[in-house]
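Asker: Here is how the chains run, residue by residue.
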Amino acid sequence: MSRLLHPFSFLLLTLGLSGLGQAQEQRQTTHEFSLDNGLKVIVREDHRAPVVVSQLWYKVGSSQEPPGKTGMTHALEHMMFKGSENIAPGQASKILSSLGAQENAFTSRDYTAYYQVLSRDQLAVALELEAERMHLLSLPEDEVMREMQVIKEERRLRVDDNPNSLAYERFMTQAYMASPYAQPVIGWMHDLDRLTVDNLRDWYELHYHPGNATLVIVGDVKLDEIRGLVERYFGPIPAGPVPEQKAPLELPDGGERSLVLELDVQLPSLIMGFNVPSLNTAEAPWEAHALRLLEAVLDGGYSARLASRLERDQSIATSASASYSAFSRGDSLFMLSGVPNESREISLEQLEQALWEQIEELKANPPSVEELNRVQSQLIASLVYEQDQISQQANRIGQLESIGLPWTLLDKDVETLEAITPEQVSDVARRYLTRERLTRAHVLPTAKDKETR
Amino acid sequence: MATAHSRSTLRWLLALLVVAAIIGIMVFKPFAKTPSAEAETAPAGLVATTHAAVDTDAVAQGSADDEPLPDLESLSSLDTDKPPARRKLDLQHWTTEQGSRVYFMQADELPMLDVQVLFAGGSSRDGDQPGLATLTNAMLNEGAGDKDAGDIAAGFERLGAQFSNSSHRDMALTGLRSLTAPDKLDPALALFAEVVSSPSFPQDAFERLRNQLLASLRYRLQRPAALASEAFWAELYPEHPYGSLPEGTPESLQQITPEQLRAFHQQFYSSGNAVIAMVGAVDRQQAERIAQRLADAMPEGPAADKTPVPDPVEPEHTHIAFDAQQTHILVGQRGISRHDPDYAALYVGNEILGGSGFGSRLMEEIREKRGLSYSVSSSLIPMQAPGPFMISMQTRADQVDQALEVINNSLDEFIEKGPSEADLQRAKRQIMGQFPLSTASNGAIVGQLGAIGFYDLPLNHMQLFMDRIQALSTEQIREAFARHLDPAGRLVVTVGPVIAEPETDQDDTETAPDTLEEATP
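If you read the sequences in order, they're chains A and B. When we follow the working numbering, the leftmost residue of the first sequence carries the number 1, and every step to the right adds one. When we follow the working numbering, the leftmost residue of the second sequence carries the number 1, and every step to the right adds one.
There's no promise every hint is true.
Claimed, not checked - Pairs of lysine-lysine residues, derived as DSS-like cross-links and limited to a Cα-Cα distance of at most 27 Å, are as follows:
no.	chain 1	residue 1	chain 2	residue 2
1	A	K363	A	K40
2	B	K417	B	K428
3	A	K222	B	K82
4	A	K222	B	K417
5	A	K40	A	K246
6	B	K306	B	K369
What the hints assert, rightly or not - The following residues of chain B were derived to be distant from chain A, with all beta-carbon distances above 10 Å:
no.	residue
7	E73
8	L75
9	T95
10	G243
11	E259
12	F358
13	D401
14	L404
15	K417
16	Q463
17	Q470
18	P487
Derived from the structure by calculation, the hints contain no laboratory data. Because the structure is a prediction, the values reported are computed rather than measured. Where is the CB? At the ideal position from N, CA and C, for every residue including glycine.
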């Protein structure tokens with residue numbers, strides 16, 4: 001038998017709580033230092049469990065690749081597991097795994113990062129292995145060539161046999177006209193086909209230097225002990241030249257672009273992207289933060305506008321979402337996308353029209369204080385929740401540092417967003433969500449797929 | 001620094017469909033499991049390891065035994081036989097008046113609480129209405145009392161609380177993550193209790209979710225990994241509730257009514273059928289009151305019956321024609337239940353064989369030596385009734401025969417000879433080392449507690465399991481594999497262009513992906 005719960009019945013439960021409100025305010029102890037060779041080290045202490053994460057971030061991403069060599073950064077990331085002067089191919093992974101450590105790596109448009117999560121007593125092993133491959137990578141020809149086959153299988157799996165990924169890849173080539181963000185991280189197949197060991201070696205020599213990297217360590221550690229370990233293993237590495245970084249910039253008024261993609265998809269979908277600045281490239285930082293709030297007003301949860309209006313009230317979209325990444329080195333995109341509700345025979349044009357109505361409304365009328373408060377509450381809470389995972393904390397720190405921003409922004413984020421006014425949210429919508437900044441893709445099932453449906 | 005987004009599983013699926021943003025901007029190296037295996041794994045995250053990213057040091061054919069260890073200073077000063085330090089776990093357990101089993105750990109470090117409520121109400125309870133459990137679970141936060149979906153979502157979001165729900169074959173899950181400040185936690189728990197216990201199943205929301213589910217079924221048709229997985233489960237469990245797709249079929253979804261969801265909820269989301277797991281900054285007394293309030297709110301009812309044991313099936317090779325560059329391969333058979341005495345032996349054996357990424361035999365043979373696949377893994381999915389054991393990979397279509405041969409040979413050899421002593425020692429050390437990582441966060445611990453409760457395991461299960469693993473011999477693992485993974489019960493599913501399967505009818509070559517032909521050579 002179901003009994004309705006009295007809404008106040010939980011008030012009794014937590015009267016015994018004390019002092020926890022303060023914990024929410026507390027900042028975790030975070031230290032920063034650099035070695036003489038330029039390696040920047042950030043250490044955050046978290047003593048809840050005897051574990052630690054170590055992440056080494058290099059400021060090299062796919063956006064720095066010259067034409068003809070796309071995919072080279074990601075390929076080099078794979079090759080970093082293929083041995084160094086004193087370590088046989090695959091051996092570092094075997095050593096780490098035999099200790100129970102987790103390790104992996106990832107490549108983005110702006111950075112490449114390697115990480116290990118392990119018991120705090122084992123941290124020295126991770127650092128010694130990581131330091132060696134920073135300057136003594138082997139790149140053996142036979143291993144490299146075999147791994148290129150694996151990378152091509154990866155491309156087939158992720159992109160070529162996944163029509164929505166394929167659509168997204170093509171969309172990006174149009175949404176970025178001037179910026180190298182147009183290139184796929186994994187690289188074009190025809191470039192993977194002709195990538196050589198020498199290309200990889202040159203790329204490694206150019207970018208893998210202590211001065212081009214940030215080491216982030218979060219966990220049950222003390223600064224003194226870390227300083228000693230880092231100095232011991234990374235200290236002897238020669239400084240090397242630090243390559244110049246130029247933020248990928250996009251045309252502010254590239255003109256309205258439209259593409260129609262017929263692919264092996266089952267459901268038609270709409271992708272819209274507006275050329276907008278990132279936190280790095282915005283004239284003033286508030287613009288990027290206002291764009292973040294704009295995203296949240298539209299899609300920051302199931303009560304946000306796209307879900308409540310387009311999916312629920314109007315039944316126009318089977319799915320609709322907004323996304324904006326403020327945290328990139330270069331100019332970014334504000335994306336809107338969706339799947340029209342086919343049971344009501346909604347077309348892609350009607351879905352786009354509905355999205356435009358939401359945009360125009362925000363241009364004309366600032367979001368309500370209540371909406372922004374809700375976004376703010378979620379943000380404040382998520383900062384607490386993120387502390388439950390050391391890897392997540394390290395990710396945030398490493399990402400900011402690698403795109404050229406200080407990690408201390410993290411601790412000010414709540415205040416920063418609090419300072420944004422509803423009018424500023426409307427302001428960035430008016431300024432940036434305009435036709436001449438728009439790229440639109442209609443992704444449609446191929447004629448063959450339509451027939452057999 | 002992104003704002004918190006909470007979405008239901010269903011919304012995520014459809015959102016990912018459109019913007020595969022992650023794929024575009026970030027490419028991981030690979031310890032990822034093959035999507036098909038991952039997608040169907042019950043979230044029984046239980047036990048010593050997060051499956052996410054771990055490698056054994058076990059090496060195929062013991063070749064690493066010949067490989068001298070590098071001269072690492074850090075390694076020589078490390079005592080690898082000593083178990084690494086781990087977070088102190090003060091786990092507690094009690095039962096509410098109504099019979100809800102409660103599992104709790106106090107963690108005061110962060111001002112937050114994780115609550116998970118699990119019901120034996122997954123899709124294995126669908127009967128002849130596939131999709132019933134999934135829809136019931138997805139409808140929880142679409143209306144409760146006089147609140148509609150928007151009120152509920154805004155209610156949680158205003159408090160910074162995160163509601164989650166998902167439904168699998170064995171279990172239906174609901175979760176809440178909240179700050180513990182009283183002005184946040186109290187209303188969040190009240191709303192959570194209402195959503196879990198008193199959903200109203202409004203007609204308009206029902207139709208909307210059904211349409212979304214139908215769309216997601218269509219979306220499956222363009223994903224070869226999903227097709228392979230569906231076929232594998234169907235072949236392995238022909239007369240068993242695990243055999244049908246949790247998302248249902250277009251036909252069954254059309255027949256389901258809100259009335260049926262109400263009945264399903266009344267029967268399976270009951271206090272006697274519930275496990276409540278909690279980790280966070282509340283003390284035992286508070287935890288008891290929270291659990292009691294949740295149980296008080298639920299419909300009364302007994303625990304659900306146990307899922308029946310499936311019958312063995314005949315070996316078979318099913319090929320599904322799909323126009324793509326790669327072929328997806330699944331090889332496997334019926335494995336064991338969560339309660340099988342051989343679980344520890346099979347768990348360790350599976351880690352050595354292919355459950356642990358790099359260093360595992362399959363990864364060595366398929367990827368490292370031959371470059372055949374980006375991802376290859378074996379997984380043992382122990383469920384309430386015997387779940388599957390499966391090996392999954394994908395490869396360029398013309399390499400399928402070679403890949404299948406390597407998989408079958410590796411598996412046959414492992415069943416025949418078992419792991420080497422060196423394999424086993426490394427696996428033991430590895431699993432011991434993973435343990436602190438798998439209990440480091442509140443989120444991980446609440447998952448472990450939920451699974452312990454759901455499968456009715458002893459409170460000290462994690463330690464017992466560790467001890468059992470450390471006591472294993474190579475012979476015990478070999479015997480367990482031979483006992484449970486008889487090659488005569490092995491199924492093969494391939495999804496890809498017909499070129500890879502010369503035995504299959506060539507007429508199928510041009511078959512479009514959504515008019516699937518199943519052939520069984």
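Asker: The structure should be examined with respect to each hint, and the outcome stated for every one.
Answerer: Status of each hint after checking the structure:
1. K363/A with K40/A: 42 Å, violated
2. K417/B with K428/B: 18 Å, holds
3. K222/A with K82/B: 22 Å, holds
4. K222/A with K417/B: 47 Å, violated
5. K40/A with K246/A: 20 Å, holds
6. K306/B with K369/B: 44 Å, violated
7. E73: Given that some Cβ of chain A is not farther than 10 Å from that of E73/B, nearest at about 6 Å, it is violated.
8. L75: 6 Å, violated
9. T95: T95/B clear of chain A: closest Cβ-Cβ about 19 Å, beyond 10 Å.
10. G243: Per Cβ check, G243/B is outside 10 Å of chain A; nearest 24 Å; holds.
11. E259: At about 15 Å from chain A, E259/B clears the 10 Å cut-off, so the statement holds.
12. F358: 5 Å, violated
13. D401: 16 Å, holds
14. L404: Answer for L404/B: holds, closest chain A Cβ roughly 16 Å.
15. K417: At roughly 21 Å from the nearest Cβ of chain A, K417/B sits farther out than 10 Å, so the non-interface label holds.
16. Q463: Label holds. Min Cβ-Cβ 16 Å, cutoff 10 Å.
17. Q470: 13 Å, holds
18. P487: Label holds. Min Cβ-Cβ 27 Å, cutoff 10 Å.
This entry does not satisfy hints 1, 4, 6, 7, 8 and 12, going by the numbered hints stated previously.
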